[in-house]
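**Student:** In order, the protein sequence lines correspond to chains A and B.
With this note's numbering, letter number 97 in the first sequence gets 97, and the count goes up by one each step, no holes.
Counting from 1 along the second sequence, just add 110 to a position and that's the residue number in this note's numbering.
Because the hints were derived from the structure by calculation, they are not lab data.
Glycine included, C-beta positions come from ideal geometry on N, C-alpha and C.
Don't take each hint at face value.
Each pair of labels, with its calculated beta carbon distance range [stated by the list, open to error]:
(1) A/V83 x B/Y232: 23 to 31 Å
(2) B/A114 x A/I96: 16 to 24 Å
(3) B/R159 x A/R30: 31 to 39 Å
(4) A/V61 x B/A256: 44 to 52 Å
(5) A/F92 x B/Y232: 22 to 30 Å
(6) A/S65 x B/A114: 37 to 45 Å
(7) B/Y232 x A/A63: 54 to 62 Å
(8) B/S249 x A/R76: 17 to 25 Å
(9) A/E64 x B/A114: 50 to 58 Å
(10) A/V61 x B/A147: 32 to 40 Å
(11) B/A209 x A/V83: 27 to 35 Å
(12) A/R68 x B/A256: 28 to 36 Å
(13) B/A209 x A/W60: 21 to 29 Å
(14) B/R325 x A/T62: 36 to 44 Å
Where chain B lies over chain A, by a calculated footprint (3+ residues, C-beta under 8 Å) [to be verified]:
(15) 19-25
(16) 33-47
(17) 66-80
Residue strings, one per chain:
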Amino acid sequence: MLKGHLDMIVLAALAAGPAHGYAVIEEIRRKSRQAFDLPEGTIYPALHRLEQAGLLASRWVTAESGRRRRVYALTRRGERALVGHRAVWQQFSGAIGALLAGTPPARKPA
Amino acid sequence: MISAYLESLAGALSFDRSLSRCVRHEVEDHLWEAVAADPTSDRLEAERRAIANFGDPHVIAAQFAVVSLAKQTRRVGAAVVLVVAGVFIVMKARIEWYAATQWAISDDLKAVGAIVGSIDRYSFWLSVIIGIGAAAYISGRRIPQAFHPAYRAQLGRFFLLCAAATAALVVSVISDGVLTALRLFGTELCVGFLVPIFSMAIEIACAGVLVFQIRSLTQRATSTAALLKT
């Protein structure tokens, strides 16, 4: 299920500002209160794909450690895509919430 | 331990050297940061954990392969349009040069020239229409997360469009070659010969670049499919 929403999750993690891959993963964990513990390696192909789609832009910087680091940021198009994802998600979760509100709890099998 | 992992990942990404270099730097930074953030004082254990959390290099490489294939597909789409535009410019420049030098086809070859000229025109404009269609088709598609059947079908359609555009362009370039030969036929050898010959060489090179690009794309699609199977 998470895989289907990976783009939205990554875009939301970058909404606070530019970040490198490791920081994006940390932000996803922090914002989801550790609920989303994605395999770390899967974030990078997603970051590259979103950059190719024009939703992210990246630049190389030198970190304090002296290592080269790639920092990603949302583009205007990425910001618009995030707004769109958020609206669709809120509509969807509202509909599911309303649906489940009237559903009696499932009986345990005998 | 991290170096060995990075080597393995770079090796799995060897289908795209620039991507392999770039990912290696990115992942190296990630892994060392994960090691630094690990609460354990045992460095080897921290490295092992960072690698385990990152995942199997072959699985990651397979995900990158799909992204890389999508990138190459778009590049080929742009190449089709650029090559067709390049051939058009060269063709027009040669025709202008013929007009300026009043270098015409001899009267007894004019009938053949008219037929070949028609084939040239129709095949060229066919390549323009199909080429633009191919580029528009692929640029309007989303970059997929996985190499799923719908994406394979998209790639198949794009490949057919590119192959049709290239075939039409090759026919046009061959027709240009025949027309050039008809103009040069029976004319005394002079320095002026170099202009049409050089322009033909550019056209042939353009068509060759396109054939090479499409061949590379099919090879990449095959290797991506193979990588995802393993």
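**Student:** Hint by hint, say whether it matches the structure.
**Tutor:** Status of each hint after checking the structure:
1. Separation of A/V83 from B/Y232 is about 48 Å and departs from the stated range, judged on CB atoms against 23 to 31 Å.
2. Distance hint for B/A114 and A/I96: a CB-CB separation of about 46 Å, inconsistent with the stated range 16 to 24 Å.
3. Range check, B/R159 to A/R30: about 19 Å between beta-carbon atoms, so the 31 to 39 Å window is missed.
4. In this structure the supplied range 44 to 52 Å is violated for A/V61 paired with B/A256, their Cβ-Cβ distance being about 31 Å.
5. At roughly 51 Å, the beta carbons of A/F92 and B/Y232 sit outside the given window of 22 to 30 Å.
6. Restraint check, A/S65 to B/A114: a C-beta distance of roughly 20 Å breaks the suggested window 37 to 45 Å.
7. Evaluation of the 54 to 62 Å hint for B/Y232 and A/A63 yields a pass: the beta carbon distance comes to about 59 Å.
8. Between B/S249 and A/R76 the CB atoms are about 19 Å apart, so this pair conforms to the stated range of 17 to 25 Å.
9. At about 26 Å, the beta-carbon gap between A/E64 and B/A114 misses the expected band of 50 to 58 Å.
10. Checked against the hint of 32 to 40 Å, the C-beta distance between A/V61 and B/A147 comes to roughly 19 Å, which is inconsistent with it.
11. The supplied range of 27 to 35 Å is broken by B/A209 and A/V83, whose beta-carbon atoms lie about 56 Å from each other.
12. Between A/R68 and B/A256, the C-beta spacing of about 29 Å keeps the proposed range 28 to 36 Å intact.
13. For the pair B/A209 and A/W60, the beta carbons lie near 52 Å from each other, so the given range of 21 to 29 Å is not met.
14. Taken as a hint, the range 36 to 44 Å holds for the pair B/R325 and A/T62, whose Cβ atoms sit roughly 40 Å apart.
15. Given a C-beta distance limit of less than 8 Å, the hint that chain B covers the segment 19-25 of chain A holds, as 3 residues qualify and 3 suffice.
16. Here the segment 33-47 of chain A counts 7 residues with a CB under 8 Å from a CB of chain B, which clears the bar of 3, and the coverage holds.
17. Under a criterion of three residues with beta carbons nearer than 8 Å to beta carbons of chain B, the stated coverage of the segment 66-80 of chain A is upheld, 4 such residues being counted.
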